[in-house]
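As you go down the protein sequences, you meet chains A and B in turn. Residues 1 to 603 in the numbering used here are what the first sequence lists, from first letter to last. Residues 1 to 603 in the numbering used here are what the second sequence lists, from first letter to last.
Among the hints, a few may not be true.
What the hints assert, rightly or not - Dumping the calculated DSS-like pairs for lysine-lysine here, alpha-carbon to alpha-carbon at most 30 Å:
#, chain 1, residue 1, chain 2, residue 2
1, B, K61, A, K61
2, B, K580, A, K580
3, A, K49, A, K61
4, A, K334, B, K287
5, B, K61, A, K68
6, B, K226, A, K334
7, B, K226, A, K68
8, B, K334, A, K193
9, B, K148, B, K193
10, A, K61, B, K68
11, B, K334, A, K226
12, B, K377, B, K226
13, B, K193, A, K334
14, A, K287, B, K334
Quick caveat, the hints were computed from the structure, so don't treat them as lab data.
2 protein chains.
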Amino acid sequence: MSRTAAPLNERDLAFALYEVLEAEDLARYPRFREHGRETFDAALATAAKLAQEKFAPHNRKADLNEPKLVDGRVEIIPEVKQALDAFAEAGFFAAHADFERGGMQLPWTVAQACYAWFQAANIGTFAYGFLTVAAANLLDVFASDDQKRRFLQPMLEGRFFGTMALSEPQAGSSLGDIRTLAEEDGAGGWLLKGSKMWISGGEHPLSETIVHLMLARIRGAAPGVKGLSLFIVPNHLLDEAGRPGARNGVTLAGLNHKMGYRGTTNTVLDIGGDRPCRAELLGEPGKGLAYMFHMMNEARTIVGMSAAMLAYAGYRQSLAYAAERRQGRPAGAKNPDAPPARLIEHADVRRMLLLQKSVAEGGLLLALYAARLVDVKNEDPDPAAREEAHLLLEILTPIVKAYLSERSLEANDAAIQIHGGYGYTRDFPVEQYWRDNRLNPIHEGTNGIQAMDLAGRKIAMADGAALDILSRRIAETAEAAAGDADLAADGAALSAALDRLRRTAARLIEIGRTDGPEAQLANASDFMEMAGHVVLAWISLKAALAANRALTAGATGDEADFYRGKLASRRYVFATDLPKIAALADRIEAGDRTALETQEAWF
Amino acid sequence: MSRTAAPLNERDLAFALYEVLEAEDLARYPRFREHGRETFDAALATAAKLAQEKFAPHNRKADLNEPKLVDGRVEIIPEVKQALDAFAEAGFFAAHADFERGGMQLPWTVAQACYAWFQAANIGTFAYGFLTVAAANLLDVFASDDQKRRFLQPMLEGRFFGTMALSEPQAGSSLGDIRTLAEEDGAGGWLLKGSKMWISGGEHPLSETIVHLMLARIRGAAPGVKGLSLFIVPNHLLDEAGRPGARNGVTLAGLNHKMGYRGTTNTVLDIGGDRPCRAELLGEPGKGLAYMFHMMNEARTIVGMSAAMLAYAGYRQSLAYAAERRQGRPAGAKNPDAPPARLIEHADVRRMLLLQKSVAEGGLLLALYAARLVDVKNEDPDPAAREEAHLLLEILTPIVKAYLSERSLEANDAAIQIHGGYGYTRDFPVEQYWRDNRLNPIHEGTNGIQAMDLAGRKIAMADGAALDILSRRIAETAEAAAGDADLAADGAALSAALDRLRRTAARLIEIGRTDGPEAQLANASDFMEMAGHVVLAWISLKAALAANRALTAGATGDEADFYRGKLASRRYVFATDLPKIAALADRIEAGDRTALETQEAWF
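Only chain A is shown next, with the shape it has when bound in the complex:
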């Protein structure tokens, strides 16, 4: 039993890492040879402590006191900087960075497991860290040595923070319409002019300066995404010694006022309006979007993890509440003099807890599974293994982002419902989790975009190889379950669901061929839901197999209860979510044209 409202269950994190994902095995890669369970656990323990002591306590305060503009400067409650300073001090900006840059050189999997603590504790404050780490990763791959020295290094130390500066007022989902213009300044640098919108962490007093990775179009470049280049744009110009000096021409034009994620500034930026905006080209011209997608893909799996961690925090909170709060009596109990039951004694409340548990714990495992693919893709000595991990990550990324963000909102909704009226008040944290989580289906590519990516591109990519690899992994789990008497029926159900998913995917591609891309994509969101249910069932069954192995090996007491919880989650997913795919598949395979054929004038 784990009844505290700690936002994450460390037993579960250890289960995911060591009992399902064999994280220790990553130490066989040369890069991680100095690591092992001991160093992993030390990092996790530090993250757990820091998240609970420095991040969680001001989660509500930051929501109630959003960043505000005072005399042209952004003011943020002091706890945010204190938390991020401690995050830097503990080395988490450089959790997976090279030893030689002062990093911990942890596997990406373990770094993500550490970050899970911060996401569950305080997503708004952690976002500054996440944006900086994502920007640093991009610099690490594409920047010149000189740029790395001047920009990457201070970011790894937490002295400079980073952003992704893509969107513009007229170009949110549609990056091809970006208008910010770049021209050479005649001295080897560039001058940018335009306007940026929705830039998270775009202005704040938390770091020495902010390093924007900004998409712009070089004058005369092609229209659309092919004409975009990526620039490094610091908020302050650096002197010879790399110290931030005078302001660069990136001017705060306004703060956006959001429903949630309020601790994170979200900004409208004027580029080169008041004063010249100096920039450095990153890599080659015209490759901006390709570079950015390196960051974006990472960001998408992290969004999925963030969503699941908000679900996790809500689950833990509502579980603790349900175990304490007395209300009503079980159906059929007739004696009004008997003391009221605790909420958890009501079957409908347990249903809402199971929903949350399966999404939160399944989401954590799935997001860590994706993180592990990053390690394999980057470090495995076998090129075939690297390619396989790459393709699998490609097809899983939109699912991790979109499916987990949808389902995690549903989980947070259940957390509120368990609390009744109290859940609707700002005295309990669950309403904030729900509001914070509502961003996740929107940012880093809306879920509609993710669905089109999956149904229009990923299922067919590399001649279907990505889907084949995913199918093989799912089939392996289904086969393993066939050998486990308790889980054989679920193995068969998963196997049938996989067949159906493949059939539906093939049909979608056929529809695209015969009726064009609009027809292929008209029901993309349904296909996303279908694929997500299959993937969650697969992940739940993987966890259940590990749990049943441990039970068979003789786990007892709290340990046995923990493992039985994994079996219960899996049972819930197979009883509740997986059966939904039939109706979805029927409609997709029939090429339902309702949305396509409904004319504008009819609304």
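Add chain B to chain A, keeping to what the hints say.
For chain B alone, coordinates are given in the frame of chain A:
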């Protein structure tokens, strides 16, 4: 085409009232004989104007400036009182009250249609009106003539407001645990002592006084709900002339701070702590809950309507936005120099509009259908017709409340998603609709309670007569569709769905008999979802039949487009929602025991 962001489409309201529900026919009842379409339309026009001019403009302001406590008094932005004064002035507190009490004596159906405007425009301000009307209705049925004169009359005039004072800190869903104690004061009156929680409109400066209808337990009465009596508790004692004088012992102990519905005060009240709390018994002792349920049932259908009207407002807003905002290009469009498409040109956006349209317009029609049953139940000269309306209303009430509140949240979620990042900001109204709407699954009996009411009581009530009547109405619509070439397939689908619903209901009752009430209710929420899908499909098909009749009769231009929209909504519901019932029915009929058997220690 209706592209303005007026929160409600008056053409649609007229369609629901006159083309589907035959509201004019209500004038054949003696009570409404002075009415007809002309007076109905006049009332609707007044409501539309008032809602848009006096309620809508401060909807956001009231959200941003919630009621606050200043020197022990509640302060509310002045626009709220101005709006409610205008509401009173126009006679809407007495929309359906007797002529002799100064009322308009409108059918309940038409009164609800008027209220729909206010719900869509500003739910937080309207709530004061709704609570007062609901309380007045209860007094109208159960109060003595003297009580009616002193309390009901000023409520109908909008001088006194009302509340439902049921919940207590330890008794939210579980009214049987109410502890507020009543004792005779020796002078024919009563003294109350206790504490009340979640009382909406429990304190405010908007009316001369507040009339609480309060549940309490007379000393020595039975435990549980049988021992509850209902009392009239004014905030101020009335003098001989009925004028509010000294404060009664109902003291504001605190304001609850909610995520939404912020315009409506929600209070913790101390009863009889500081000073004596004088009360009058309403009706007979021990009948409190039965009386309250008169109000509660009405409140439940109004909650369903409120939810649907928030969905409606979000639909209209996101429709207007999608018709203007340009972003991206349709799938397959390759030329990046072409101007971006409007959002509504994307199939996935039309999908999200169809979802909203079917829930908002279907919800409006369903809630008005329920309101019409109230008129038949109260006014039809034929006792059999009255009884039939009563039973049908009994089984529809939990569905209207729970299903519409669930689905309307989903609709508001889609409204946000269509807006992208803008929808997540407080610069657009859709995020507020979503937050406001989140209350609806909680109050007036949580959706879990509604599901248990439906699956545990209503399907079996009067030997299954309520379900039989609902089935007959659904079958009539299915049969009518069989005669319409365009709709015959949907008629057959509805007919099959109805068969399945009845089979599942029978199985539930059987499970209750063999395995007990907990087993019967363990999957009640799934049964609610299933029943809701069937009912929405039925209502959508009813609307489609009316629309197709009009098209066949030669409607052209905008009118034809309007009707085609009804056909499109119906197509969406039959393609998307109705097919979900198979998986639900399978699980319910199998008596799935996942939630029942998951032990507390496993979480």
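Structure-based check of all given hints:
Proposed proximity of K61 of chain B and K61 of chain A is supported: the alpha carbons are some 23 Å apart, at most 30 Å. About 7 Å separates the Cα atoms of K580 of chain B and K580 of chain A, which keeps this hinted pair within 30 Å; it holds. In summary, the hint linking K49 of chain A to K61 of chain A is supported, as the alpha carbons are separated by about 19 Å, within the 30 Å threshold. With a C-alpha separation of about 19 Å, the suggested pairing of K334 of chain A with K287 of chain B holds against the 30 Å cut-off.
Of the pairs offered as hints, the one joining K61 of chain B and K68 of chain A holds, with about 19 Å between alpha carbons and a cut-off of 30 Å not exceeded. Distance check on the hinted pair: K226 of chain B and K334 of chain A sit about 12 Å apart at the alpha-carbon level, within 30 Å; holds. At roughly 54 Å between alpha-carbon atoms, K226 of chain B and K68 of chain A are farther apart than 30 Å, so this suggested pair is violated. Using a Cα cut-off of 30 Å, the hinted pair K334 of chain B and K193 of chain A holds, with the two alpha carbons roughly 27 Å apart.
Between K148 of chain B and K193 of chain B, the direct Cα distance comes to roughly 25 Å. Compliance with the 30 Å bound is thereby established for this hinted pair. For the proposed pair K61 of chain A and K68 of chain B, the alpha carbon gap of about 19 Å is at most 30 Å, so the pair holds. Annotation: proposed proximity of K334 of chain B to K226 of chain A holds, straight-line Cα distance about 12 Å (limit 30 Å). A threshold of 30 Å between alpha carbons decides the hint, and for K377 of chain B with K226 of chain B the separation of about 26 Å falls inside it, so the pair holds.
This hinted pair checks out: K193 of chain B and K334 of chain A have alpha carbons roughly 27 Å apart, not beyond 30 Å. With a C-alpha separation of about 19 Å, the suggested pairing of K287 of chain A with K334 of chain B holds against the 30 Å cut-off.
Hint 7 from the list above is the single one not met by this structure.
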